[in-house]
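Undergrad: Okay, here's what each chain looks like letter by letter:
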Amino acid sequence: MDLKDWTLVLCVCTALSGNTLAAERTGNTTSERLVSATDEPHNWLHHHNTYDAQRYSRLDEINRGNVADLKVAWTYALGGTEGGGIWPIAGLEGTPLVEDGFMYAIDGWGVVTKIDVHGGRAKFVWRMDPATDKDWAGEIACCGIDNKGPALWGGLVLSHTLDGRLIATDKASGDIKWEAEVASPEIGETITAAPLIVKDMAITGVSGAEFGIRGWLEATDLNTGKRRWRRYTIPAPDEPGGDTWVDTHEAYKTGGGSTWVTGSYDAELDLIYWGVGNPGPDWDREYRPGDNLYSNSAIALDPASGEIKFHFQYTPNDPFDYDGVNELVLIDSEVDNVPRKMILHADRNGFLYAIDRTNGAFVYATPFVKRLNWTAGIDAQTGKPVDYDPEAKIQHYAGVAPSRAKPQSELMCPGAMGGKNWIPMAYHPGLGRLYIPVIESCGKISTSPVEEGGTNIPREWFTAGGITNPEVITGSLTVVDVKQGKVVHKLETRYPLLGGLLATAGNLVFSAMPDGDVIAYDAQTLQELWRFPTGSGIIAPVMSYAVDGKQFITVAVGFGGTMPKWWIDAVPGLENTNPSAMIFTFAL
Amino acid sequence: MQLFLATLFRAAIASVIFALGLSGSAFAVEKVRSAGKAVYKKANCVGCHKWHGGGGGGYGGMALSLRETPLDTAGLTMVIRCGRPGTRMPYHQRGVYGDDERHCYDTSAEELEGAMPPRAHYFLKDRDIAAVVEYVQTWIQGRGTPGYDDCVAFWGADARRCKSMAPTRPDNE
Chain A
1 MDLKDWTLVL
11 CVCTALSGNT
21 LAAERTGNTT
31 SERLVSATDE
41 PHNWLHHHNT
51 YDAQRYSRLD
61 EINRGNVADL
71 KVAWTYALGG
81 TEGGGIWPIA
91 GLEGTPLVED
101 GFMYAIDGWG
111 VVTKIDVHGG
121 RAKFVWRMDP
131 ATDKDWAGEI
141 ACCGIDNKGP
151 ALWGGLVLSH
161 TLDGRLIATD
171 KASGDIKWEA
181 EVASPEIGET
191 ITAAPLIVKD
201 MAITGVSGAE
211 FGIRGWLEAT
221 DLNTGKRRWR
231 RYTIPAPDEP
241 GGDTWVDTHE
251 AYKTGGGSTW
261 VTGSYDAELD
271 LIYWGVGNPG
281 PDWDREYRPG
291 DNLYSNSAIA
301 LDPASGEIKF
311 HFQYTPNDPF
321 DYDGVNELVL
331 IDSEVDNVPR
341 KMILHADRNG
351 FLYAIDRTNG
361 AFVYATPFVK
371 RLNWTAGIDA
381 QTGKPVDYDP
391 EAKIQHYAGV
401 APSRAKPQSE
411 LMCPGAMGGK
421 NWIPMAYHPG
431 LGRLYIPVIE
441 SCGKISTSPV
451 EEGGTNIPRE
461 WFTAGGITNP
471 EVITGSLTVV
481 DVKQGKVVHK
491 LETRYPLLGG
501 LLATAGNLVF
511 SAMPDGDVIA
521 YDAQTLQELW
531 RFPTGSGIIA
541 PVMSYAVDGK
551 QFITVAVGFG
561 GTMPKWWIDA
571 VPGLENTNPS
581 AMIFTFAL
Chain B
1 MQLFLATLFR
11 AAIASVIFAL
21 GLSGSAFAVE
31 KVRSAGKAVY
41 KKANCVGCHK
51 WHGGGGGGYG
61 GMALSLRETP
71 LDTAGLTMVI
81 RCGRPGTRMP
91 YHQRGVYGDD
101 ERHCYDTSAE
111 ELEGAMPPRA
121 HYFLKDRDIA
131 AVVEYVQTWI
141 QGRGTPGYDD
151 CVAFWGADAR
161 RCKSMAPTRP
171 DNE
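Protein chains in written order, with this note's numbering: chain A, 1 to 588; chain B, 1 to 173.
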């Protein structure tokens with residue numbers, strides 16, 4: 001061979017060995033690994049840990065017997081508390097991912113940091129700053145400078161930015177490989193959710209129902225960075241469900257239906273499940289007569305086309321902003337001794353729903369809040385509120401909602417924050433118990449009707465009303481026996497639960513509070529076994545991982561989100577909580 | 001020669017002082033606007049009244065238009081200190097409803113009951129309230145429809161959100 005041939009051989013060999021080394025160093029997150037994530041309990045490969053969103057860790061080194069000895073292993077300052085738009089500060093809502101000893105954490109502005117967590121320490125590897133346009137996005141963020149987390153696929157880290165982009169970062173180098181503009185802040189759209197990876201696609205959910213958007217889900221091809229499909233959650237008149245918008249001024253175009261909590265996936269059924277949010281405008285339902293599908297619904301989509309195969313709607317013609325986005329936890333269990341494949345969903349409206357995930361059939365519903373007065377109950381057959389009138393275009397339910405004729409509501413329970421908000425619950429499959437982070441609240445809302453002939457101006461608020469908080473908002477850790485469909489335990493707390501729960505095989509439930517405390521409870525008795533004060537406020541979920549056989553508990557600490565701006569007068573004691581941007585990790 | 005140089009020197013000093021005095025005023029104006037604007041952002045006025053002060057809807061409800069309000073200095077100061085009973089406009093002065101002195105609208109928390117305004121997240125000192133009142137009066141009140149200049153003054157010349165408001169240039173310029 002001449003020199004040219006040798007050069008070619010050398011180059012090819014180097015490239016091959018380089019790639020192999022890179023794969024070993026960084027881990028290749030194949031679709032197979034993502035489907036079988038439960039086989040890697042030491043890793044946390046998905047936003048919700050596993051496709052079923054159970055947030056259950058199979059690690060048991062830390063357990064009821066020893067958790068009292070849990071101590072801080074390391075902390076890490078992520079940075080990123082600066083504000084933008086109408087928000088003076090940013091907080092941390094993200095769930096970090098861990099793969100093979102490397103953690104991927106994200107701040108509110110979408111900066112991803114890769115941290116080497118081998119050896120029980122945290123060592124910086126790289127940081128990817130997507131240069132989010134802070135004022136551009138921050139002006140139209142209803143509820144804080146939030147980013148719920150990254151995702152992993154192949155050799156890429158996927159993440160969103162508040163200003164509407166999907167970023168693909170090289171896992172080894174931290175270089176941005178490509179980015180796609182998915183959402184349009186020009187028309188009031190932002191993104192706060194973590195992507196869901198399904199096969200070779202990233203699924204993106206959008207925020208902005210308070211700004212008159214028309215909601216959607218979008219699938220991006222991860223090989224090319226191009227759109228595969230977009231599915232609007234608010235149908236046009238000629239689309240399925242379009243006949244549930246019976247107005248004559250195209251209210252569907254500003255109909256809301258955001259998709260701002262990451263969905264779930266059943267690989268066997270090959271169905272994506274996603275929660276759809278409130279219709280817009282939030283508090284003038286007379287502007288949008290009809291049931292307003294698919295607002296406040298769980299939808300099941302075909303991954304190939306995004307077609308909506310079936311749905312279940314909780315609160316038709318929503319008067320309250322009982323946003324239906326909350327996560328959809330997939331469980332295989334039994335009800336009345338019959339095996340059921342179910343979705344569990346704790347709704348903003350105060351009811352826990354069990355839905356058959358093969359066909360959308362209603363299984364059961366039970367209230368999980370202390371006080372509930374917006375409806376007299378849920379019909380055991382239809383799953384709809386008993387005071388829902390299928391013939392009516394405007395729903396009144398139990399009569400506490402405001403209207404154009406009577407713009408001030410009665411005291412409504414739960415209040416508009418819920419119930420439960422996006423804060424994820426956790427399921428313990430061995431115990432058959434669901435742990436719900438509850439916001440115990442009642443509140444008031446008022447209607448300021450959309451003008452005759454009026455519509456939304458892009459990037460302007462389109463809520464047609466507002467909230468007031470006449471009462472203190474408290475919280476509880478509420479436990480449901482999923483076979484019975486009943487609350488079996490409620491541990492009341494001073495503050496609403498705004499972090500996110502983790503259940504573990506060590507028979508523990510971890511919670512994190514807005515006053516900064518991280519807490520471990522006995523999963524069976526809810527006895528408090530351990531508590532640590534982090535000194536800021538926590539609005540992010542607790543997660544767990546292991547490296548070289550040692551288990552760690554991690555949570556992002558950084559007060560922010562919607563609470564300090566719209567709800568702070570209802571939680572006296574939290575007004576002096578300062579921002580922070582730390583990762584706290586605990587171990588034995 | 002010495003006298004000439006001394007006169008020249010004094011004139012030079014005088015002109016420097018004169019120049020400093022002029023830029024000092026401009027600087028003082030800018031400083032007040034910055035202080036007032038900082039309060040406007042930090043105290044979340046921007047969240048409900050919007051960057052342009054025109055108010056409107058949002059999570060906090062229908063906020064007053066500060067561009068159209070006829071409130072004078074005393075009125076604006078009272079509303080910021082005491083909030084507006086029956087609305088979501090918070091009270092921003094610590095303890096203002098706390099004692100028997102009926103500082104606010106000649107009423108008390110007890111009398112207001114359910115109409116009591118919410119407490120603000122950040123309490124404001126007198127000088128903060130004065131700064132934001134002056135900011136509203138100088139840059140917002142009575143200013144008609146917000147335009148490109150208002151946008152740039154608030155968000156900065158590079159701000160993307162102002163580009164759609166930028167005046168278009170006629171072709172012959």
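Since the hints were made in silico from the structure, they are not lab data. Any given hint might turn out to be false.
[Stated by the list, open to error] Computed beta-carbon distance windows for the label pairs:
| no. | chain 1 | residue 1 | chain 2 | residue 2 | range |
| --- | --- | --- | --- | --- | --- |
| 1 | A | 572 | B | 73 | 27 to 37 Å |
| 2 | B | 127 | A | 200 | 55 to 65 Å |
| 3 | B | 70 | A | 406 | 24 to 34 Å |
| 4 | A | 177 | B | 70 | 35 to 45 Å |
| 5 | B | 110 | A | 406 | 44 to 54 Å |
| 6 | B | 142 | A | 396 | 51 to 61 Å |
| 7 | A | 455 | B | 168 | 49 to 59 Å |
| 8 | A | 549 | B | 114 | 36 to 46 Å |
| 9 | A | 406 | B | 75 | 51 to 61 Å |
[What the hints assert, rightly or not] In the EDC-like style, the derived pairs of lysine to aspartate or glutamate whose C-alpha atoms are separated by at most 20 Å in a straight line are:
| no. | chain 1 | residue 1 | chain 2 | residue 2 |
| --- | --- | --- | --- | --- |
| 10 | B | 42 | A | 82 |
| 11 | B | 163 | A | 181 |
| 12 | B | 37 | A | 379 |
| 13 | B | 41 | A | 460 |
| 14 | A | 483 | A | 575 |
| 15 | B | 41 | A | 575 |
In this text, a Cβ means the ideal position worked out from N, Cα and C, and glycines have one as well.
Undergrad: Each of the hints needs a verdict: does it hold here or not?
TA: Evaluated hints:
1. A:572 - B:73: 27 to 37 Å: holds, 32 Å
2. B:127 - A:200: 55 to 65 Å: holds, 59 Å
3. B:70 - A:406: 24 to 34 Å: Holds - the Cβ-Cβ distance for residue 70 (chain B) and residue 406 (chain A), about 30 Å, lies within 24 to 34 Å.
4. A:177 - B:70: 35 to 45 Å: Cβ of residue 177 (chain A) to Cβ of residue 70 (chain B): about 57 Å, so the range 35 to 45 Å is violated.
5. B:110 - A:406: 44 to 54 Å: Violated, since residue 110 (chain B) and residue 406 (chain A) (Cβ atoms, about 28 Å apart) do not stay within the stated range.
6. B:142 - A:396: 51 to 61 Å: violated, 43 Å
7. A:455 - B:168: 49 to 59 Å: violated, 25 Å
8. A:549 - B:114: 36 to 46 Å: violated, 58 Å
9. A:406 - B:75: 51 to 61 Å: Roughly 30 Å apart at Cβ, these two residues miss the hinted range, so it is violated.
10. B:42 - A:82: It holds: about 12 Å lies between the C-alpha atoms, which stays within 20 Å.
11. B:163 - A:181: Distance of about 19 Å is within 20 Å: holds.
12. B:37 - A:379: Not satisfied, since the Cα-Cα distance of roughly 53 Å exceeds 20 Å.
13. B:41 - A:460: Given pair residue 41 (chain B), residue 460 (chain A) holds - Cα atoms ~18 Å apart, limit 20 Å.
14. A:483 - A:575: Violated - the C-alpha atoms of residue 575 (chain A) and residue 483 (chain A) are around 40 Å apart, more than 20 Å.
15. B:41 - A:575: Given that 20 Å is the threshold and the Cα spacing comes to 17 Å, the pair holds.
Hints 4, 5, 6, 7, 8, 9, 12, 14 from the list above are not met by this structure, while the remaining hints are.
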